[in-house]
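K.L.:
Quick mapping for you: the protein sequence lines, in order, are chains A and B. So for the first sequence, the numbering used here puts the first residue at -16; every next one is plus one. So for the second sequence, the numbering used here puts the first residue at 6; every next one is plus one.
Hints listed in this document are in silico derivations from the structure and should not be mistaken for laboratory results. All C-beta atoms in this analysis are idealised placements derived from N, C-alpha and C, irrespective of residue type, glycine included. Treat the hints loosely; a few may be bogus.
[Unchecked claim] Just the calculated beta-carbon pair ranges, DEER-fashion:
#1 A:Ala155 x B:Gly23: 22 to 32 Å
#2 B:Glu211 x A:Gly34: 32 to 42 Å
#3 A:Phe247 x B:Pro75: 38 to 48 Å
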Amino acid sequence: MTGLWSRRYLVLRRVTQLGILLVFFGSLHWGWKVAGSPVLRGDLSASTLVGLVPLADPLAALQILATRHVPDSSVLLGALVVVLFYGVVGGRVFCSWVCPINPVADLAAWMRRKLGWKGTLRLDRRVRDWVLGLTLVLSAWTGLAAFEWISPIGMVHRSVIFGMGVGWIGAAAIFLFDLLVDRQGWCGHLCPLGAFYGLLGRAAQIRVAFDATTCTRCGDCLAVCPEPHVLNFEHAGAAGLVVSGDCTNCGRCTPICPEGSLGFAWRARVRRPPTDLQIPRARRAS
Amino acid sequence: MDAKQHSRREFFARTARGAGAAALGGAVWAYLVHGQAHATPFALRPPGAIPESDFLSTCIKCGQCVADCPYDTLRLADVAAPVPIGTPYFEPREVPCYMCPDVPCVRACPSGALDPGLANVEASEMGLAVLLDRENCLSYRGLRCEICHRECPVQDRAITIENHPRGLSRHALFVPIVHSDACTGCGVCENVCPLPEPAIKVLPRELAQARPAEHYDFGWQTETPITQEYEPAPAAPEASSEDLDAGLDYLNEEIPR
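With the hints as extra help, turn the sequences into a complete structure.
P.N.:
Below is the structure:
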C-alpha cells in the first residue's frame, strides 16, 4: 500500500493520460454526451469541450500564423485558453500528464534503467529550442505548419482517437530512439512542443517547492527526474522552488525524497529563503 | 588574453556547427513536409474547403469535421492513407457526401480551413464529376442506364441527359453530361455507378478542369455588340524621293558576273 502511495502521481498521470484519450474516443465512437453535446470533440490539436469551450494546441496555431494564414477565432481562442491553463499549472504539465508519447518514453527509460544501458549519443538539451525555432522558420518557408506534418504526437493521438491506422509507427520510432540512441532523447532533447511548453512554464504557478535546509543531497530525486538539470540545488535552494520551465511537474521526485524536502506548492505561497542560508554540505544517503 | 581568443574561436566553431546541423536538419525536414503535403493531387476535401494550398496550411488536423459527419463520409488521413497526413478527405466509392443542408462539418471546423461563409451546400466545390470512360459507360453503349443522372442530388442541373440520334434502325444514345457550374463533387454518381469500376469519377477541380485563356473572344457568343466604330489604321509615312531614287538605282545596277 505504501508502495502505491509513493507512486500516487505516477498512477494519477497514467489515469489522466489514458482518461483524456478515452474521453476523446468515447465522445467520437460511443456518443458520450453532456447536455446534448459531445464531451470532448476533436483531438489534441484542437477540440471543443461540451460543445462550448474551444481548445487548441498553441504551437499549432503559432505555426499556422507563421505560414501567413490566420486561423478562425475558435483556434485562436482555444490556443489562448490552453496557454492560460498551462501558464498556471505549469507548461510541461502537458508533457507528463497529457501527451500520449510520455508513457512510451517512460517505458523506454525504464527499460534502459533495467538493462543498465548508458547513453550512446548525448544531445544537448537546448537542441529542442533550436528545433522549436526551426519549426517556425520552416513553417514560414514551406507555408505548411512544419511540425504538425511530422509530429509523432499527432500520429499517435489521431490513430488512437480515430481508431485506425498505423500511428503507432510514430510511437515505435520514439521508443527505439529513446531506448537505443539517447536517454529521454525525444522528450528531453528534440520535441519542439516540449520546448514551447518549457518557455510557457517559466511563469507557472504550481511548482515543486524545495527546502534546502532539510535536503541532504542524497540525489534520489536526480536519479528519477527525466529532466535532472531542473533540480539545481543552488538555484532551487535560493528560490525555494524549482525555477526552470523544463520541470514537467510529473511528481516523481516529491514522494521519493526521504527528507520530504520536495513538494508541490503554489508559487505565490513559497517563501523565499533568507539569502544567508547555510546550505548543508553534500552527504551520501546510506 | 590567449584563453579568451581560444574560447572565442571555440564559440564560433560551435555556432557554425550548430547552424550547419540546423540547416541540414531543416532541409531534410522541409523535404519530408513538402513530400507529405503534396503526396497526391487526388484528395477530395469536405464541403467548403478553401483552395488546397491554403487548406493544407490552415487545417489543424483536429478531425472535428470527421466527428460531426453523420454519414461517416469523412475520414482523417493516417500515416498509410494516400492523402496528406491528418487531413480530412472522403472516397466517394466508399461513402459519398450526402450534402447535409446544415453542413455540420463546416460548422465543426475551428480553423477556417472549411469556409464558415459557405451559405449553401450546393455552392460547395468538393470536386467535379467526370465521365472518364465512355467506352464502358453503359449509357454510351446504348443502354438506358442513367443511374448517375437519377441519383444526382443536384437533380437535372449537375448532370443532364442528352440524346444523340444514331440514324435509322438504331435508337438514340442517351448520355449523361456533367455541368461544372452545378456539380458539387459530392460523388453520389461515382458511388452508384453500377460498373465494378465506375465510369464516372469525381476529381479535384484543379485536375479536372482546363483554364480558358483570358484573351479568347468567342465572337458568336460574345455579349459585346458589334459596332462600326473603329479607329482607322495610322497612315503609312510618305516615302521621300531620295529613298525612291536609291531603290531605282539599285534596280538599274548591272548585275556583276
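K.L.:
The structure should be examined with respect to each hint, and the outcome stated for every one.
P.N.:
Evaluated hints:
no.	hint	result
1	A:Ala155 x B:Gly23: 22 to 32 Å	holds (29 Å)
2	B:Glu211 x A:Gly34: 32 to 42 Å	holds (35 Å)
3	A:Phe247 x B:Pro75: 38 to 48 Å	holds (45 Å)
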